[in-house]
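*Asks:* Sequence:
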Amino acid sequence: ALMPLNWLTEAFKWRLLIAHLQTLNIWQSIKSVLAGLAVSMLTPNRVGDFAGRIALLKPENRTAGAMSAFVGGYAQMLAIAVLGVAAFGFRPALPDFLAVAAGHHALTMSVLLVFVAVLSGFYFAAKLMAARFRFSRWLWFESFIGAAGLHSNSQLAAAFGLSVCRSLIF
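In this note's numbering, the protein residues as written are 13 to 182.
Since the hints were made in silico from the structure, they are not lab data.
Be a bit skeptical, because a hint or two may be false.
To be verified - Estimated spans, in silico, between C-beta atoms of each pair:
| id | residue 1 | residue 2 | range |
| --- | --- | --- | --- |
| 1 | Pro71 | Leu17 | 29 to 35 Å |
| 2 | Leu49 | Ala118 | 25 to 31 Å |
| 3 | Ser166 | Ala13 | 30 to 36 Å |
| 4 | Ala129 | Lys70 | 33 to 39 Å |
Don't be surprised by glycine CBs; every beta carbon is placed ideally from N, CA and C.
Produce the entire structure from the sequences given, and follow the hints as far as they go.
*Replies:* As structure tokens, then:
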């Protein structure tokens, strides 16, 4: 029953992330997200999501749109990581397969918090990193940094907030 709300939230996030490239109304954004979903069902590891989403963009905006889709996916992954660490921190009893982590709860939480801080730094400090560092050995990472650098911090924060909303809806 909440699936339409989940995809509507994703459509708002997609619309926000490509606003600097092309203006879409909410129906165009929903069609784009659903096209990405349909294509991703036919490809391994949701690779087709990018292709489906950018198919409805103008041809000159498709490359940058694919990178914006990547930024949206990273925002979703970051939201899941943040909520997962929060859940781990507030869970009083852990299952047996996490017994090692349970015995060292403070250490495990410290490691997880550092991990989330690093992921957040990559996401929110993309413009700073793009200006200061060259990642020529990791071209995919340099492409992500460049794409994330096209978005303002308020856009990135809004995309992250919508990603958290999607995770909570799920």
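*Asks:* Are the hints correct? Go through all of them and say.
*Replies:* For each hint, the structure was consulted:
1. Pro71 with Leu17: 29 to 35 Å: Given a distance of about 32 Å, which is inside 29 to 35 Å, the answer is holds.
2. Leu49 with Ala118: 25 to 31 Å: Violated, since Leu49 and Ala118 (Cβ atoms, about 41 Å apart) do not stay within the stated range.
3. Ser166 with Ala13: 30 to 36 Å: holds (32 Å)
4. Ala129 with Lys70: 33 to 39 Å: For Ala129 and Lys70 the Cβ distance comes to about 37 Å; the hint holds.
The structure fails hint 2 only (numbered hints given earlier).
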